[in-house]
Amino acid sequence: MPSAARTWTGPIDEARSPEVLDGHVVTPGPRPRLQGYDVEEDLAVHYGLVETFLLAMTGELPEPWQARAAEVALEFLAPAPVAEAPAHAAVVARICGARSSAILGIGAVTLAEQAHALVEENRDLLAWLAGGEGPPPAASLASTDEERESVVRLRAALAARDVELPVLAGDLSRDPALLAVLFHAGLCEPEHIEAVIVAARLPCLTAEALAWRPRALKEYPMNLPCFRYEE
Amino acid sequence: MSREDPLVITTRVAHAGHMDHWFRGYMVGKDLAGRATLAGLMGLGINGRRLTDDEAGMLDDIAVAWTSADPRIWPLKVSRLASSFGGTIQGIAAALLCMDCHVVGIWESSLATARWLGELRESLRDCAGDPERVAQAARDHLGNRRFIPGFGVPYRVEDERVPPMWRCLANRGRDRLPNVHLFEQVGDVVRRERGIGPNVTGLATAICLDLGFAPDEIGSLLIYLATPMIIANAHEGARQAPAVLQRLPDDRVRYIGPAPRVSPRARGADRGEGGAG
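Just so you know, the protein sequences line up as chains A and B, in that order. Numbering of the first sequence is given in the numbering used here, commencing with residue 14 and proceeding in unit increments. Numbering of the second sequence is given in the numbering used here, commencing with residue 0 and proceeding in unit increments.
In short, the hints are calculated from the structure, not lab data. Hints may contain errors.
Said to hold, decoys possible - Residues of chain B clear of chain A, computed beta-carbon distances all greater than 12 Å:
| id | residue |
| --- | --- |
| 1 | A32 |
| 2 | L40 |
| 3 | E54 |
| 4 | A134 |
| 5 | I195 |
What the hints assert, rightly or not - Estimated spans, in silico, between C-beta atoms of each pair:
| id | chain 1 | residue 1 | chain 2 | residue 2 | range |
| --- | --- | --- | --- | --- | --- |
| 6 | B | R171 | A | R228 | 19 to 27 Å |
| 7 | A | E204 | B | R114 | 20 to 28 Å |
| 8 | B | P227 | A | V122 | 22 to 30 Å |
| 9 | B | D30 | A | E27 | 45 to 53 Å |
| 10 | A | G23 | B | P248 | 20 to 28 Å |
Backbone N, C-alpha and C define an ideal beta-carbon position, used for all residues, glycine too.
Chain B with its partners taken away, still in its complex shape (with noise of 0.2 Å):
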C-alpha cells in the first residue's frame, strides 16, 4: 500500500509488537513500565512528549487539588443518572460526554482560556515583563465581553480550589512561569474590572500551557484528570442504584407544558367522522 492510499491511516501513538508494544516512540515493557507515572503517560499519550517527574507530579497536584466530586455537581450527577441502573461505564461514559458543554464542562473553556493566553500573549510580544501593557492588553481584551473564560465560579465568589493549586504550584517553583504569570496578571485586572476571581479550570489550563500543551491538547488532559470525581460516582450509583434517581417520584416533577387537549382526529371519531388520517 502506498502511502497516498486512503486505506491507509498513520498513527503515531502505537502499535502491537509481539512480545512489547510501542508507545509514542516508546516500548512499553522495556522503557516505560516501572518508570514512567500514570499523569506522565496521559502527557505523553496526548503530545507524544515524556514528563519529567516533576511535571508529572505537577499534573498529579492538579488532579488532586481540583477535585469537587459532590454528585449535585451537573456532570456528576449525570453520572448518577446514567449509573442508576448498575452500569458503572455508563455512567463514567455519560459525565465525560457532558464534559462536551459550554457552561460548565471543562473541554470548551479550557481551549476558551487557552486560547486568550494565546492571543494575549501574541498582542504584548516582547512587552509581557510590563504590569501595565499586560493590565491594559486584558482591558482591551475584556471589552464587553459576558463570559471570561477561566474565571468565576456558580454558588460562591471564589473557587477555594485555586490557592492550594497555587501552593502546589511555589512548592514546585512553577508559580512564576510565562503562562501561570500571565493568568495571575490578568486575574488582577477580571478582579477589578468585573469583581470575580479564577477559577480552577482557568489556572490548570494555564499551568498545562507552561507544560507545554497546546491549546486542544489541554481539554483531553484535564479530563483525565478529572477521572477521579467521575469513576468515585460512577462506581457508586451503580452500586446504590437507587429507585429515585431511576424515576423521581411523581409529586417531584411539575409539569408546565401545554394543558390537556383532544387532538383533531380524536374530536373527528367522537362526532363520527372517522379516525384516519
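Bound conformation, chain A alone (with noise of 0.2 Å):
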C-alpha cells in the first residue's frame, strides 16, 4: 500500500524543467498588453477588432488599408451555412442537446478541418503570392462565371473602402483571391490564414446552430445523406 510520506519519481521529476510558461503574446495579469500595446487604453479606444487580430498575429498593427482589406475579406469568409460540415455539424450537437461548449468546440474543431483543408488546397498560390514569378498556379484561376462575379463584389467592396490590389486584376477564382487579400493584408502564415478564418465563421454557425431547439430530432433530415449498408 503507498504510503503518504513516500515519494514518487521518475525520469520528469530527474530531468531540467523551466519552472515558468513563457507568454510571447500577451503579457499576464489585470493589465493585459497585447504585443506591448495596452489592451484597454489604446487597443480598444483606437483600433478594431480585426486590426487587434492582425497585430496579434503578425506582431505589428497594420496599415489602414490592410486593415480595411481583412475586414471586407473575412466579411465574405464569415458566412458559415448549414450546407457546410461545420454548421451542420454544430446543428447536429444542438439538436442532441450538447452544451455551448461542445457546440462550440464541434464546430470550431471543424471550421478549423474546412479553413485547413482550403489554405492546403492554395499552398501553391500562397508561394506564388509570397515571390513566385510569372502567372498565378491555374488551379487558382476561376473556371466558372459565379465565381468570377464574386471576384468582382470583392474588388468593388474593397474599392468602396479604398483598397485597390493588382493581384485582383488577375483571373483568380473566389477563395484564391480571398486568400490573396488576407496575404497583403499581412497575413503570410498558413496557420494565421486558418486562425482567422474559424473567427470570422465561429459566430455564423453558433447562430445557425443555436436556432434550432435542443431535441428537435424529429426536425432533422435523418437520410442527408442517405448512408446505405453494405456487407
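Hints are included, so try docking the two chains, each in its own frame, into the full complex.
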C-alpha cells in the first residue's frame, strides 16, 4: 500500500524543466498588453477587432488599408451555411442537446479542418504570392462565371473602402482571391489565415446552431445524405 | 436512388435494424453480444475482420503494457487543461486531438513506423530471413534521417514499457511473427548506429501489422488503446477542476514578447490629432 510519506520519482522528476511558462503575445496580470500595446487604454480606444486580430498574428499593427482589406475578406468568409460540414455538425450537436461548449468545440474543430483544407488546396498560390514569378497557379484561376462575379463584387467592396489590389486584376477564383487579400493584409502564414477564417465563421455557425431547439430530433433530416449499408 | 446518386454514401460499418443492429457484417445481439470483447469489437470496427480471442487479448496486452498516464505527459496535460472547468468529455476530446501531432502523438508515429517497416519488407523481398541483408537495408534507410519512427523516448534512454510488451508477445507465441521480428532486427541496427532503443508505439505498430491491420488503420487502433490513460485524466481533472490549471498564478508566467509601446493613433490622440484610423 502506498504511504503518504512515500516520494514518487521518475524520469520527469529528474529531468531539468523550466519553472515558469513563457508568454509571447499577451502579458499576464490584470492589465493585459497585446504585443506590447495596452489593450484597455490604447487598442480598445483606437483600433477595431480586425486590427487587433492582425496585430496578434503578425506582431505589428496593420496599415489602415490592410485592416480594411482584411475586414472585407473576412466579411466574405464569414458565412458558415448549414450546408457545410462545420455548421451542419454544430446543428446536429445542438439538436442532441449538447452543452454550448460542446457545440462551439465541435463547430470550431470542423471549421479549423475546413480552413486547413482550403489553405492546403492553395499552397501553390501562397507560395506564388510570397514571391513566385509568372502567372498565378492554374488551379487558382476562376473556372465559372459565378466565381468571376464574386471576385468582381470583392473588388467593388474593397474599392468602396479605398483598397485596390493589383493581384485581383488576374482571373483568380473566389477562394484564392480571398486568400490573396488576407495575404496582402499581412497574414502570410497558413496557420494565421486558418485562424482568422475560423474566427470569422464561428459567430455565424453558432447562430445557425442556436436557431435550432434542443431535442428537435424529428425535424432533422436523418437521410441527408443517405448512408447505404453494404456487407 | 441509383448507386451513383451523390446523396448516397455507402457504408460497411453499420445499419440500425428493428430488433437488432448490423455491425460490420454481424448482427450485434445475435452474433456479437456475449461473444466479442471490447478490443475485438474495435478491431472489427476498424478493418472489418473479427479477431480471434488471442488476437483481441494481444490488443488488451498492448493497452495494459503501454499505460503511462502521468498527467504531466503532454497530451494528458492537454486533457487536464481542457477538463479544468469541469467537462470530462471536453478533456477526452482535447487529448484525442493532441494525438494528431508529429512529435508526441501516436497517429503520425505509428503511420511512419508502419510505412517504414513496409518499405523495408518490400526492399528485402525474399531476403527477410538474412540478418545481414536486413541490417544493410536498415542502415541504408537510416541514412541521414534525424527522426527514426518507432525509436527513442523523451526524458530517458530506454522505453521501460517495451520489455513488458515483449514478454506479453512471447507469452502468446507472437514474438517471431514477421513484422515484430523485423522490428527487433531493425532495433538492433538503430541501437548500434544511433544509440537509441525502440519505443512502445513502434513495437505496438509492428504487432498491429502482424495482426493484419493496414498502416492507416493502426493509429485509430492505438488511440483506442490509449483511451484508459486519457479518460482517467479527464475524469479526475473534471472532478478536481483545479483553479491553478484554469489560470496559472501570474508569477508563474514570464512574458517575453515585445516591450510596452504606444500605438501611433494613441500618440496622435495625445498630440490632439484625433484617433480614428
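The hints, checked one at a time:
A32(B), annotated as away from the interface, keeps every beta carbon of chain A farther than 12 Å; the closest lies near 19 Å. Every Cβ of chain A is farther than 12 Å from the Cβ of L40(B); the closest lies at roughly 17 Å, confirming the non-interface assignment. With a cut of 12 Å on Cβ distances, E54(B) stays outside the contact zone with chain A, its closest approach being about 22 Å. Once the 12 Å rule is applied to beta carbons, A134(B) is consistent with being away from chain A; the minimum gap is 30 Å.
Non-interface status of I195(B) relative to chain A is upheld: no Cβ of that chain comes within 12 Å, the nearest being about 15 Å off. Separated by about 48 Å at the C-beta atoms, R171(B) and R228(A) break the suggested range of 19 to 27 Å. One distance hint, 20 to 28 Å for the beta-carbon pair E204(A) and R114(B), holds here, with the actual separation near 26 Å. Distance hint check for P227(B) and V122(A): the Cβ-Cβ separation is about 23 Å, which falls inside the suggested range of 22 to 30 Å.
For the pair D30(B) and E27(A), the supplied restraint of 45 to 53 Å holds, since their beta-carbon distance comes to about 51 Å. Our hint of 20 to 28 Å for G23(A) and P248(B) holds, since their Cβ atoms are close to 25 Å apart.
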